[in-house]
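Q: Sequence:
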Amino acid sequence: GTSYFKEGNMPLAKSFYEKAIDLVKNDDEEKVDDPTSRKQVLALAVYLNAAMCCLKLKESVKARENCEKALQIDKDNEKALFRRGSAYMNLAEYDLAIRDFNEVIRVAPENKAAKNQIAVANQKKKEIREKEKKLFGGMFTKFAEIDAKKEKQAQGDVPPAPAAMEAEPEQTNGSEEKMEAQTTEQS
1229 GTSYFKEGNM PLAKSFYEKA IDLVKNDDEE KVDDPTSRKQ VLALAVYLNA
1279 AMCCLKLKES VKARENCEKA LQIDKDNEKA LFRRGSAYMN LAEYDLAIRD
1329 FNEVIRVAPE NKAAKNQIAV ANQKKKEIRE KEKKLFGGMF TKFAEIDAKK
1379 EKQAQGDVPP APAAMEAEPE QTNGSEEKME AQTTEQS
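The numbering used here numbers the first residue of the sequence shown as 1229 and each following residue consecutively.
These are computed hints drawn from the structure, not numbers from a lab.
This structure is a prediction, so every number in the text was calculated from the model and none was measured.
Heads up, a few of these hints could be off.
Derived pair list, reagent style SDA-like, types lysine to any residue, alpha-carbon separation capped at 25 Å [what the hints assert, rightly or not]: (1) Lys1343 x Glu1306; (2) Lys1340 x Asp1375; (3) Lys1286 x Asn1318.
Assemble the whole structure, with the sequences as input and the hints as a guide.
A: And the structure:
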């Protein structure tokens, strides 16, 4: 898979890494919880490489899943945390991305890329808030104006709207009366 990855053939590299994951998962001879065991080191590398392929292929959910498997082996793995944070960024889950990038900084304080990604995530969150303000801001202002008018009417400061405008009689085309007459005749 690594040679295909280096060539930029991500789909093929990913398929090789997925086969390797299956081999590592199905190897029940060596059940070891030690993250430094040969099997665990290999499994960690395979999950991390598969996650990177998935990120490059914009398969963010699968990338996140591979990172979570890697983190089950080594909960403080810098690459797994960073790649999962990147997957969260692609999924627009900015709070979760920031959490992971902060974990990267806790594990590796010199990691400038994680610091940059936190800034990018915060900027994205700010942009979303601004869009929401524009989208919903006018609506809340209108509701507030309507409520203020109702309050003033209740206090008697503003005359109520004419009765004709408040509740217009329901208009029918006569079909309801015809149906009712037919139902009565059939009984």
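Q: Against each hint, give a clear statement of whether it holds in the structure.
A: Going down the list of hints, with the structure as the test:
The straight-line distance between the Cα atoms of Lys1343 and Glu1306 is roughly 13 Å, inside the 25 Å bound, and the hint therefore holds. For the given pair, Lys1340 sits about 50 Å from Asp1375 by alpha-carbon distance, which is inconsistent with the 25 Å threshold. The straight-line distance between the Cα atoms of Lys1286 and Asn1318 is roughly 8 Å, inside the 25 Å bound, and the hint therefore holds.
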